[in-house]
Amino acid sequence: MNKLKIAIVTINQPSLTAACNLVPYLYDYQVDVFGKKDLIHNLENLNLYDKIDDIMAPAWEGYDAIICILAIGAVVRKIAPFLKDKSSDPAVIVINLKLDKIVPLLSGHLGGANELSDIIASRIPSCQNFVSTATDQTNTLAFEMFAKKNDLEIHNLKQLALISNSLLNKKEVEVLTYESIFQTIPNKENLKLVKEQSSNLCVNITPFDSPLLTFKPKVFLGIGCNRNTTFQEIKNAVFLFLQKHKLKIEQIQNIASYEAKADEVGLLEFAKEYNFDIKFFHEAEINALQGNFSTSQATKFFGVKGVSEPSSILVSKYKELIIPKEVYENKITIAGAI
1 MNKLKIAIVT INQPSLTAAC NLVPYLYDYQ VDVFGKKDLI HNLENLNLYD
51 KIDDIMAPAW EGYDAIICIL AIGAVVRKIA PFLKDKSSDP AVIVINLKLD
101 KIVPLLSGHL GGANELSDII ASRIPSCQNF VSTATDQTNT LAFEMFAKKN
151 DLEIHNLKQL ALISNSLLNK KEVEVLTYES IFQTIPNKEN LKLVKEQSSN
201 LCVNITPFDS PLLTFKPKVF LGIGCNRNTT FQEIKNAVFL FLQKHKLKIE
251 QIQNIASYEA KADEVGLLEF AKEYNFDIKF FHEAEINALQ GNFSTSQATK
301 FFGVKGVSEP SSILVSKYKE LIIPKEVYEN KITIAGAI
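According to my numbering, the stretch in the sequence shown is residues 1 to 338, in order.
Taking lysine-lysine pairs in the PhoX-like style, the calculated list, with each CA pair at most 20 Å apart, reads: (1) K279 to K235; (2) K218 to K148; (3) K86 to K158; (4) K272 to K218; (5) K171 to K195; (6) K331 to K305; (7) K149 to K319; (8) K86 to K148; (9) K3 to K149; (10) K171 to K192; (11) K195 to K319.
Label pairs and their in silico Cβ distance ranges: (12) E269 to K149: 30 to 36 Å; (13) Y29 to K192: 37 to 43 Å; (14) E320 to L43: 49 to 55 Å; (15) Q232 to L43: 52 to 58 Å; (16) N150 to N21: 35 to 41 Å; (17) G62 to K101: 22 to 28 Å; (18) K235 to D53: 48 to 54 Å; (19) K101 to K244: 52 to 58 Å; (20) G62 to I40: 25 to 31 Å; (21) E172 to N47: 48 to 54 Å; (22) E172 to E320: 22 to 28 Å; (23) K319 to Y29: 31 to 37 Å.
I should point out that these hints are in silico values taken from the structure, not numbers from a laboratory.
Each residue gets a CB set at the ideal place from its N, CA and C atoms; glycine is no exception.
Using the sequences plus the hints, can you model the full thing?
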């Protein structure tokens, strides 16, 4: 994982001195300090600027987080022209000269300002983190943080405010998803698992498109094939499968199969072409799975419950089959799990 890139913005000698004191606490990040010339510092490199307006644009585009050691009002004025969207704006944090008070000002959740501020406050003695986000203060579920921690792709983000405010106001919110995912939600207060939407206060957690606020988990494919099935045949089958279910190749986290297919050149070439770390499962692993699977020729030839369905479950995160086995060209089987 790449190190978080942090820009520290200073404006005078006291703030630059504070930055010099702050840098050692950010030892595991990639940090650049910006300041004015002819000031005293102990940094290996100081990025010089004439006017603060000159550095804000490149800092906004080139860094994951911007830590400002200057007045909050000045920070607000300087970042205002660059505000775009909470899904893409960098984290903006303000810290005082004594390094004992820190404020995550912008992109607290998705941008990571709250989390970074917590880390900094925990490292600096007597530093207090002032978090203004209501869900953090009230220990209310923040769906965007749940999505971020679980690598869920977020769609229809503009509907998030309605959902978050409803939970803060203790209103019931429906969650249209699978039992396996619902059980992983850490705080289920005022949440109701449903199979069909009956309220406008509804969140969808599924790989499939929806007009609702939607969080998409990654999909895992199980693939079975006849001996000597070619790369092109497997590729064609997979893309037909994706097209049928309105999925994109970018949504596929990984693929898997039965150990007897570990030397199938076409399958291995497909995995390499799309950078999948293909997994092959043993007979004992497959047959240990509970539940019924679609009838499979693998039972006759290999004595296993199946190939595509069991292997998709075994390689998946939530161990839930969402698309049963489908057969392509009478030689390729594909199933999907989350």
